[in-house]
Amino acid sequence: MDIRLLQAVPSDTERAAVDAVLGAPASGWDGGVRVNARDSHLAYGGRAMRERRHELVPALQALQARVGWISEGGLGYVCERLQVPPAEAWGVATFYALLATSPRPRRMLHVCDDVGCRDNGGREVEAALVAAGGPAVAHEPSGTHMQLDANTPAWMHSPCLGLCDQAPAVLVTDAGDPAVERLIGRVTADVARALLAGAAPGADALANTVVPQVGDPSLVLLQRVGVVDPTSLTAYRNAGGYAALGRALQLGAEGVIAEVTASRLVGRGGAAFPTGRKWEAVRTQRATPHYLICNADESEPGTFKDRVLLTGDPFAIVEAMTIAAFATGCEHGFVYLRAEYPLANERLQGAITQARAAGLLGENILGQPFRFDIEIRRGAGAYICGEETALFESIEGKRGEPRSKPPFPVQSGVFGKPTLVNNVETLANVLPIVLHGGAAFAAIGTTQSTGTRLFCLSGAVERPGVYEAPFGTSLKALLKTAGASPRMRAVLLGGAAGTFLPAADTDFPLSLEGARAAETTLGSGVVMVFDDSQDLEAAVLRIAAFFRDESCGQCVPCRVGTVRQEEALHRLARGKTRGGAEAEFALLEEIGVAMRDASICGLGQTAYAAVESAVKRLQLFQGGAV
Amino acid sequence: MTTTLISIERPTRAPKKPLAFTIDGRAVTVEEGTTILAACRTIGIEIPTLCFLETLRPVNACRLCVVEVEGARVLAPSCSRTAEAGMVVYTKSARVIHARRLVLEFLASSVDLSTTPGMAELLAEYDCKPERYGPPKPHALAGERDAAIAGHHAAPDPDFAATVGQPVMVDNDLYVRDYAKCVLCYKCVEACGADHQNSFAIAVAGRGFNARISTEMAVPLPDSACVYCGNCIAVCPTGALMAKPEFDMRAAGSWNIEAQTTTDTICPYCGVGCTLSLHVQDNTIVKATSPLENSITLGNLCVKGRFGWQYVQPGPSADSATTRDG
Ligand SMILES: Cc1cc2nc3c(=O)[nH]c(=O)nc-3n(C[C@H](O)[C@H](O)[C@H](O)COP(=O)(O)O)c2cc1C
Ligand code: SF4
Ligand code: SF4
Ligand code: SF4
Ligand code: FES
Ligand code: FES
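Heads up: the protein sequence lines correspond to chains U and B, in order.
Per this note's numbering, the first sequence starts with residue 241, numbered consecutively.
Per this note's numbering, the second sequence starts with residue 1073, numbered consecutively.
Be aware that one or more of the hints could be misleading.
Unchecked claim - Computed list of lysine to aspartate or glutamate pairs in DMTMM-like fashion (alpha-carbon distance at most 25 Å, straight line): (1) U:645 x B:1103; (2) U:720 x U:772; (3) U:716 x U:759; (4) U:645 x B:1156; (5) B:1201 x U:456; (6) U:720 x U:456; (7) B:1164 x U:829; (8) B:1201 x U:829; (9) U:645 x B:1126; (10) U:816 x B:1203; (11) U:645 x B:1203; (12) B:1209 x U:830; (13) U:856 x U:772; (14) U:856 x U:745; (15) B:1164 x B:1126.
Since the hints were derived computationally from the structure, they do not count as laboratory data.
Please work from the sequences and hints to get the whole structure.
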């Protein structure tokens, strides 16, 4: 088909930024110079062009990184290069929070105002920024944000940046060539002011990733973090790295899966699905090729464990992916990495490059007839893209709208092919399983929850950070280890999709069955502590706003339900209830049940969980009674 | 260029085996691949739908058609979930009724459903009280929703319920877009795109409650890829997309469906010979459609068949619908 292209002309900079990702145009048909002898009587495009659609998001990201926003000329050029209808490309560009479709300054500060930062220094940072540079760029009536000047830095709010252990957090993005991105923690009002005034950002907060338990001999997943140089393959190998891959190749694909199954490892991404069963399902699919995806989108508020693994032990993830690919017959792997982790991107890219050079990725890995390589795809600011089917859509160059299941990813995933999706932490567990056997792994933890688990401690704790503990460790003990505030009032367990627990209810074993018995969920391992200096009702309002912001908007229960939920909470918080607090609580319950039962995906299905626990267990918003 | 690309493979036609399952306690046997909705229809069980249309790929977005499948954690969209042998389905369980009622309330409290056929009856049947979410917020200004930044929204106003209310877009002489009436069923996007027209003039933009149907940069239709086939109008379930003559007559209070007759004929313009249904009121053609079930058109037409019938008769509605220099 012919698509109608845009008339606006790209700048030379925009053209160069796009060409750097897509390569030079091949003909007059895709944005190049028209050579009549060649291009007049033949149309290029069709299937070959359609198969390039997955390059749409990287091309848009290139514009964003170089110019700071996506202009009509830039968008039009990408559409011409990839033969994507402009309306569709617009639909994609406007879906992602970190792609700007109206002019933005080259420097933007993305300031976390989420639950872990707002009461831990975030408000002071925000006040300083308002005083120095005016209000945040936001959704203002009729586009007041359109009047931004390219050279005057501006700031906007951001949901959790995955740096809650070093709150408050700011992501600085400087568009240009090269673009600069820095995730900065423990930001003070002075630092924020300086950044807004244009000062060079300091080093990434994670340059020296350490964990509170560093050196503890019982560590498994975290044993190398902060100990072994994460930028050196040699250091990784000297520390025992790549022994597991060698062992896996000896075991053979079925042998590896047998060990993983015997380990009774379950997914750490939230759904706790048995990993061995998933691998076996992918291995036995007849359709080819099979794809492997490491889900590193980590955007659940309060979660930062995957970031620590990726920056602190990136080779382990590369090795684990290689083993997973070997076991399930994948030749191509993606890491879908959240946009807000620039250092993880750098470290992972470094690890991939070194592994490739050493013959540990690519053809004939370790001399075997086994081929595998890894490509990093970066997110663009959308929590929903952590949901596996939304992630597929995003990789394919579309809006991150979850698909209806069935079909399940193991049958029909990215590009319609059998796909194995595993969380970063899940993959990290594969190494000890292959090295020491599934049975040894299953001996750790409880009978029903095997192995160790990473927990993200933040909020009112003295020693925030990622902790590794065997399943079955009591929450109380973990809180003590991290130095939870003696004035602790509540814990948010499992993240925004998890539950609030009153301080009195924090003595139970952290295992799947223990959490179930305590009517909660471990989710992504979030343990966020709130004490009496923090405004819990405000935190609940922020969570409600988060779900509204992050809903993809596809299905009615979630698209409208998250709005109605947030409205009811605001009425309660401001004492403006419709018919009294009890009526509002009943309404919230009705909304919540409909979202849980009728939404397409886990986002809508869990959007009421934290709110429900805040109302029922913490008895918040009781002041709303009129 | 298609929206589907490599990701979706059209189902291949395997030989269809019969399978048995139960709906509301009644045994049903259908061919493999039959949706729960289709199976319900074979035994006379009515299920409301909004985003489903036989001629379009299901998007499962509205969730009005949900049913309960025994053993499943969440409800299933009957319009796209295929029946499986031994499945036990309930179409009127308390969970189902609750979800449908809330979906209807969510829509009725945020969207103008005044021109959605059958909606008033449905809201009554499910005992919906959309007013309980608060009085509707005044309409947004023109362009305001289009300028929304993904992932950001203003704090809610406790005195109002948010809506998608915004001014009607009248930017051409053939049809209007009143997105205050849009339930975001995706049908128009599918009809304009890979399912039918392949013009890709419109797509869903933004996300969350600010998701909206839009041309690129929200440009007016005459600046977009739109070819005015009106195939989006034909599938729009709410009247958000409406041909100009109908829009004008409704505004004047002269639109009267009861007084209309429909006559099927063949489009006189070209050799394809699309079936044309002419909707006539007071001896004047007021609208042209094509039957959905027509195997040639599947309800689609081109700009000529859809809008080019004014020459048949002079008259007030023809005046108001004259194209271009109107
Ligand atoms: C809204 C939403 C967000 C999610 N975000 C993530 C994420 O950031 N990382 C992740 O690993 N899984 C995430 N998941 C879960 C994935 O869909 C999927 O279950 C998981 O990646 C599978 O890997 P696992 O079996 O190793 O846990 C999310 C799910 C939902 C519903
Ligand atoms: S539940 Fe929410 S995020 Fe998931 S598909 Fe529906 S609208 Fe999108
Ligand atoms: S009239 Fe036709 S081309 Fe125009 S938006 Fe509707 S379906 Fe697309
Ligand atoms: S305009 Fe009509 S067809 Fe298009 S999404 Fe809205 S309600 Fe559906
Ligand atoms: S980084 Fe701010 S809440 Fe997580
Ligand atoms: S009709 Fe089935 S989800 Fe809309």
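Here is what the structure says about each hint:
1. U:645 x B:1103: Roughly 21 Å separates the two Cα atoms, so the pair holds.
2. U:720 x U:772: holds, 17 Å
3. U:716 x U:759: holds, 16 Å
4. U:645 x B:1156: Cα-Cα ~14 Å, so holds.
5. B:1201 x U:456: Violated, at roughly 59 Å.
6. U:720 x U:456: Holds. Residue 720 (chain U) to residue 456 (chain U) sits at ~17 Å (cutoff 25 Å).
7. B:1164 x U:829: holds, 20 Å
8. B:1201 x U:829: holds, 16 Å
9. U:645 x B:1126: Between residue 645 (chain U) and residue 1126 (chain B) the Cα gap is close to 20 Å, so the pair holds against 25 Å.
10. U:816 x B:1203: holds, 16 Å
11. U:645 x B:1203: Outside the cut-off at roughly 34 Å; violated.
12. B:1209 x U:830: The hint holds at about 22 Å.
13. U:856 x U:772: OK: residue 856 (chain U) and residue 772 (chain U) at ~19 Å, within 25 Å.
14. U:856 x U:745: Satisfied, since the Cα-Cα distance of roughly 13 Å is no more than 25 Å.
15. B:1164 x B:1126: holds, 23 Å
The structure fails hints 5 and 11 (numbered hints given earlier, in ascending order).
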